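**Student:** Chain by chain, the residues:
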Amino acid sequence: MVEVYSVIGFMVGVLFISISLLRLKKQNITQGVFTLWIIIGTTLIIIASFPLAIFTIQRLIGTQFVLSAVFGIPIVILTILVFHLHLKVDALNKDIVKLISKLAVKEYFQPSDKKEE
Amino acid sequence: MSQDKVLVFIPVKNEEKTIKKIINDIADVHPSWDILVIDDESTDDTIKEASKTKARVVSLVMNTLGRSSVITSFMIAYTGKYDYMVKIDGDGQQEVSVLWPLIQALKNNQADIVIGSRYVKKTPETDSFIKVIGRVTSSALINFKTRGKSKITDCTSGVKAWNAKSIRLLSSMYFNDGMCHGTVYLQREIIFAARNGLRIIEIPAFYKKREHGKSKSFNLINMLSYPFRFLFLLIS
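So the sequence lines, in the order shown, correspond to chains A and B.
Position one of the first sequence corresponds to residue 13 (the numbering used here), numbered consecutively onward.
Position one of the second sequence corresponds to residue 1481 (the numbering used here), numbered consecutively onward.
Hints are computed from structural coordinates only; laboratory data are not their basis.
Some hints could be false.
[What the hints assert, rightly or not] Distance condition first, Cα-Cα at most 25 Å in a straight line; then the derived SDA-like pairs of lysine to any residue:
#1 B:Lys1532 x A:Gln122
#2 B:Lys1689 x B:Phe1712
#3 A:Lys106 x B:Tyr1558
#4 B:Lys1501 x A:Tyr120
#5 A:Lys118 x B:Lys1689
#6 B:Lys1629 x B:Lys1645
#7 B:Lys1501 x B:Asp1525
#8 A:Lys114 x B:Leu1649
#9 A:Lys106 x B:Leu1711
#10 A:Lys118 x B:Tyr1558
#11 A:Lys106 x B:Tyr1665
#12 A:Lys114 x B:Glu1521
#13 A:Lys100 x B:Tyr1665
#14 A:Lys118 x B:Gly1662
#15 A:Lys118 x B:Lys1532
#16 A:Lys114 x B:Asn1543
#17 B:Lys1485 x A:Gln122
#18 A:Lys106 x B:Phe1712
#19 B:Lys1532 x A:Glu119
#20 A:Lys106 x B:Asn1702
#21 B:Lys1629 x B:Lys1689
#22 A:Lys106 x B:Val1541
#23 A:Lys106 x B:Asp1525
#24 A:Lys114 x B:Met1653
#25 A:Lys100 x B:Phe1708
#26 A:Lys118 x B:Gly1560
#27 A:Lys106 x B:Glu1521
These numbers come from a predicted model, not from an experiment.
Only chain A is shown next, with the shape it has when bound in the complex:
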């Protein structure tokens, strides 16, 4: 019998892949992000379709309990993702500060004609 969590996992996996493909079609996604979410979506579909695969994963990574593998792997992946995003946000912040400064310098030397009321 198919469990509810398998159906949910499968649907979420399909959703990730569909959105990534749609974005790719509109050329609105970078290669790195597309690859990452295709991998995550595919993994979700595989685990949802073959729930027993989690036992193989548990044996492979050597945790004592299945639950440790079920929660441990996503936690590690999410931590890496957060770290990656944090670095990206930090770099973007730096770029924004520079951009705002450049705009201000431009405004100083070439003031726009727009007058505020």
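Based on these hints, arrange chain B on the given structure of chain A.
**Tutor:** Okay, now just chain B, sitting in the frame of chain A:
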């Protein structure tokens, strides 16, 4: 002989009650100096008040917690080929009369950066004990870090002047790192300047008690995170 170009830089955020007087006081005494007001998204009438004066007002399109205003001021001073830039806060705590001695010290080639210090001559304390302790300890640690190349007592002073040489070097530093050191940028600047051979001196500056508004740089989060940020700066 051509007159030296001097830029006065005043960073502001919600200083509607003090800004006009500061600008007019400077313009009365030094009519040839250009005055630049950089507004970090004030929500009151600061821009309106500053616009009534001879100052050039640049309004940043987004609040970057003071980061962009520092970079912008250095870039404007560098691009505009100013001989000297002097900074004074827009909160009215510093006497406008301190600006001339700062510029004079640069003109006399005594230093490349001149800081108006509250501790060169004993002046009545206007700040809390914890701020003073933090300031004095940080200054001592900076002097230690630069191996005596800087001998400063007030590393967070809001009144400061630079000559063309230091403007060139610091504008490039600030733009390249995007002010990534945030709240400890003043301390970082001193370490960077001293290590790059810029001469830094201090002259006495008198600070008044803040009459309007409250400090933007001093809040609980900044106070708690300051030791860690400063430690990171020292070991980096």
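**Student:** None of the hints should be skipped; say for each whether it holds.
**Tutor:** Results of checking the hints against the structure:
no.: 1; hint: B:Lys1532 x A:Gln122; verdict: holds, 20 Å
no.: 2; hint: B:Lys1689 x B:Phe1712; verdict: violated, 31 Å
no.: 3; hint: A:Lys106 x B:Tyr1558; verdict: holds, 21 Å
no.: 4; hint: B:Lys1501 x A:Tyr120; verdict: holds, 22 Å
no.: 5; hint: A:Lys118 x B:Lys1689; verdict: violated, 36 Å
no.: 6; hint: B:Lys1629 x B:Lys1645; verdict: holds, 17 Å
no.: 7; hint: B:Lys1501 x B:Asp1525; verdict: holds, 14 Å
no.: 8; hint: A:Lys114 x B:Leu1649; verdict: holds, 18 Å
no.: 9; hint: A:Lys106 x B:Leu1711; verdict: holds, 21 Å
no.: 10; hint: A:Lys118 x B:Tyr1558; verdict: holds, 13 Å
no.: 11; hint: A:Lys106 x B:Tyr1665; verdict: holds, 14 Å
no.: 12; hint: A:Lys114 x B:Glu1521; verdict: holds, 16 Å
no.: 13; hint: A:Lys100 x B:Tyr1665; verdict: holds, 22 Å
no.: 14; hint: A:Lys118 x B:Gly1662; verdict: holds, 23 Å
no.: 15; hint: A:Lys118 x B:Lys1532; verdict: holds, 22 Å
no.: 16; hint: A:Lys114 x B:Asn1543; verdict: holds, 14 Å
no.: 17; hint: B:Lys1485 x A:Gln122; verdict: holds, 19 Å
no.: 18; hint: A:Lys106 x B:Phe1712; verdict: holds, 18 Å
no.: 19; hint: B:Lys1532 x A:Glu119; verdict: holds, 18 Å
no.: 20; hint: A:Lys106 x B:Asn1702; verdict: holds, 19 Å
no.: 21; hint: B:Lys1629 x B:Lys1689; verdict: violated, 32 Å
no.: 22; hint: A:Lys106 x B:Val1541; verdict: holds, 15 Å
no.: 23; hint: A:Lys106 x B:Asp1525; verdict: violated, 29 Å
no.: 24; hint: A:Lys114 x B:Met1653; verdict: holds, 15 Å
no.: 25; hint: A:Lys100 x B:Phe1708; verdict: holds, 22 Å
no.: 26; hint: A:Lys118 x B:Gly1560; verdict: holds, 12 Å
no.: 27; hint: A:Lys106 x B:Glu1521; verdict: holds, 18 Å
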